[in-house]
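Enquirer: Sequence:
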Amino acid sequence: MTCQRCLLARCLCAEIPTVETRTHVVIVRHHSERFRSSNSGRLAHLALPNSRLVEHGGPTGTAALPPLDGAWLVFPEGEPTTEWPADRPLPTQLIVLDATWSQARKMFRKLGVLRGVPLLRLPEGELPARLRTAPSPDRVSTLEAIARALRLVESEAVAAPLETLFAAAVRRAVELGRIGR
1 MTCQRCLLAR CLCAEIPTVE TRTHVVIVRH HSERFRSSNS GRLAHLALPN
51 SRLVEHGGPT GTAALPPLDG AWLVFPEGEP TTEWPADRPL PTQLIVLDAT
101 WSQARKMFRK LGVLRGVPLL RLPEGELPAR LRTAPSPDRV STLEAIARAL
151 RLVESEAVAA PLETLFAAAV RRAVELGRIG R
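In this text, residue positions in the sequence shown follow this note's numbering: the first is 1, and each later residue adds one.
Treat the hints with caution; some may be incorrect.
Pairwise CB distance ranges, derived in the manner of DEER restraints [claimed, not checked]:
1. Leu176 to Thr62: 30 to 38 angstroms
2. Glu79 to Gly116: 13 to 21 angstroms
3. Thr18 to Lys110: 26 to 34 angstroms
Simulated from the structure, these hints should not be mistaken for laboratory data.
A quick note: this is a predicted structure, and the numbers were derived from the prediction, not measured.
Using N, Cα and C, we set each Cβ at its ideal position, and we do this for glycine too.
Taking the hints into account, I'd like the entire structure generated from these sequences.
Expert: Spelled out as structure tokens, the structure:
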């Protein structure tokens, strides 16, 4: 039976940590991701008390985003940021689009309010096992992107439990024979 919290056939809730952050994370999820077993944005939201999950598309229409003061959009455009510049204030919010790459590009275009938000392009890192095939090495899952972004703007101690959670999700998908769905 599918868990009503994590929505996985074999519950992963016992492995979901509580990760406190000073940065508010807004996960804007494409409506078609809501029930996908490979959706990692849901796991990120469950692990991050200082996060908000906003649906985009489908019956809910265009996402209603919170005020974007101090926000940066995690998106693979521009120059990669390997360390946060000392002369730049840290973001108070990270906006992350939770969708396939094709859907994320469309969401970025449709959500006009995001055009004025600075972009945070993450550096390429190791490529661990995947829940889905990525079109290029800098395209990672929502949970991985959040972990990498929080490593840049907060610390390794904040990022590590999220990466451990992602590894647990990949292991579970392998056990269930669902990698690549």
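Enquirer: Each hint should be assessed against the structure and marked as holding or not.
Expert: Going through the hints against the structure:
1. Distance hint for leucine 176 and threonine 62: a CB-CB separation of about 34 angstroms, consistent with the stated range 30 to 38 angstroms.
2. Checked against the hint of 13 to 21 angstroms, the pair glutamate 79 and glycine 116 passes, with Cβ atoms roughly 19 angstroms apart.
3. Taking the beta carbon of each, threonine 18 and lysine 110 are about 33 angstroms apart, inside 26 to 34 angstroms as hinted.
Going through the hint list in order, the structure satisfies each hint without exception.
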